[in-house]
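Asks: The residues making up each chain are set out below.
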Amino acid sequence: MSARSGPSSLLRRWLPPLGLLALLLLGWELAVRLGEIAPWLLPPPSAIPGAVVGDAGDLLRHTLVTLQEVLLGLAVAILLGLLMAVAIAFFPLLERALYPLVVASQTVPLPVLAPLLIIFLGYGIVPKILLVTLICFFPIVVNTVDGLRGVDGEAINLLRTFGATRWQIFAKVRWPAALPLFFSGLRVAAAVSVIGAVFGELIGASSGLGYYIRHETPLFHTAEVYGATIILMLLGIGLFVAVRAAEWTLLPWRRGADDRSRA
Amino acid sequence: MSDAALAVRGVSKSFAGAGRPVRALDGVDLVAAPGELVTLIGPSGCGKSTLFNLIAGLAEPDTGTIALDGQGAGQRLGRVAYMPQKDLLLPWRTTLDNVILPLEVRGVRRDEARRRALDLFPQFGLEGFARAYPQTLSGGMRSRAAFLRTVLAGGSLLLLDEPFGALDALTRGQMQEWLLGVWERERRTTLFITHDVDEAIFLADRLYVMTPRPGRIALTATVELPRPRTPDLLTAPAFVQLKARLLRALRDGAAPELEAPSLASDIDLVGSHQHADPLIEGVRR
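For the record, the sequence lines run as chains A and B. Heads up, the first sequence is in this note's numbering, so the first residue is 1 and it goes up one at a time. Heads up, the second sequence is in this note's numbering, so the first residue is 1 and it goes up one at a time.
Check before you lean on any hint, since a few could be wrong.
Part of the chain B face toward chain A, derived, beta carbon under 10 Å [as the list claims (entries may be wrong)]: (1) Arg-79; (2) Val-105; (3) Arg-109; (4) Leu-180.
Worth flagging that the hints you see were computed from the coordinates, not collected in a lab. Positions of the beta carbon are idealized from the N, C-alpha and C atoms, including for glycine.
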């Protein structure tokens, strides 16, 4: 993006995590081979790509189902999260009424909630979307509220001396000032969003990667299970990167801010 | 003084402190004639910024009146161009979009506002930086951008609250001269807060010294040093004498003893004790 991200800096950035990953995989491979561990118990990493390719059609279908649930759940979480954040930041009564419930919603364990939602709403896509929403809206709300509140009071006074209305102050100062924090929340949400969908699929579904994992595990198709798990990780990472890219595009003034703080 | 651009009369203001109210301003009188450059000098915490907030309309005085262009009643928000201590340039807006903010608030179309602002960019030393984000500008440029935004805010009165306080001494000197240049072209009534004695004298037609706890006007002086003013003035005898008086007033935290006409100078000083009885010290060479 800037002049700094030449090939050498890319290497410097990606070499440590990739190197560590390669080392871990190597250790795993060696442990399985030297320890003569049965592949149904723990497959060597080298067996996973073959298993994924062998089941590619099924895996692709299930991946798309999970991705759809995650994206819809995230979309609902963004809408709901922003509405709640604005309500909480501007209406003290709503803050007192809403905030404790928002926090409480995060204390209910997913393994308890998921089966209940499936009993209420059936085996379809809706309970999965709700589970994604439930774990994603929280970081969005909390961060956006902080952003809306953290605005410099003097900047608001300056706008008032221009004769600005409350709405103008919101649109021109509070909202843009809160956007970086909103994106911080969205990044966290994107990274954990997959968990909600998979939980729903594990409990009750007829498709999706969670369903696939649950279906393959009793058959001891362990390599396929690992393959599906890796796809889930990649989905989470991909969403995280997508949010980063959106941030980079929509907040041009923030470009380089992270490079600066890292330097 | 119905023709004054700004007339502050007997203004007091208290805030809720720890336990008992703190009196920030006590019976402050201050006048600015149309086109005049008035400076207000005082130590930190003497209530200068409180006074500015009142004049700008961000708060109302407990007692006393504030009249703009002879009108004591009505909304002041939107009628006074206020430049706070911090430049408060919004980091997500380019320099150009920052300075047009007051026009936008008033409903001027964006392209029209941008065109009007761009016309002034050279005069404000900002040419070529319209699309730069403020965090990439130097301190002096940020100040000038904030000042351009203030000028575009319109209104008959400019309120500048230590606008150069954060700048280094050299940049500050340049900005003072530049400000005087702009002011001499535009002749907008300006009230300028500072805690720098040199700055207060160098810029002013009239100056007020404020002392703290509670904030009171301790001294008023008319500065009749010739214009245009240049840095040589800082060492001129008349300047130094006035400076000595201001320093004494600030140190005493009250009105100084006004000296006999032995103080030879080519300035005309109007001193006033806080309890009125203005004394005219008509000392001319």
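Asks: Would you mind marking each hint as holding or not holding in the structure?
Replies: Results of checking the hints against the structure:
1. Satisfaction of the interface hint for Arg-79/B is found here, the shortest Cβ-Cβ separation to chain A being roughly 8 Å, below the 10 Å cut-off.
2. Given the 10 Å rule on beta carbons, the hint for Val-105/B holds: about 4 Å separates it from the nearest Cβ of chain A.
3. Using the Cβ-Cβ criterion of 10 Å, the hint placing Arg-109/B at the interface with chain A is not satisfied: the shortest such distance is roughly 15 Å.
4. A distance limit of 10 Å between C-beta atoms decides the matter here; for Leu-180/B the minimum to chain A is near 24 Å, and the interface restraint is violated.
In terms of the numbered hints stated before, the structure departs from hints 3 and 4, listed from lowest to highest.
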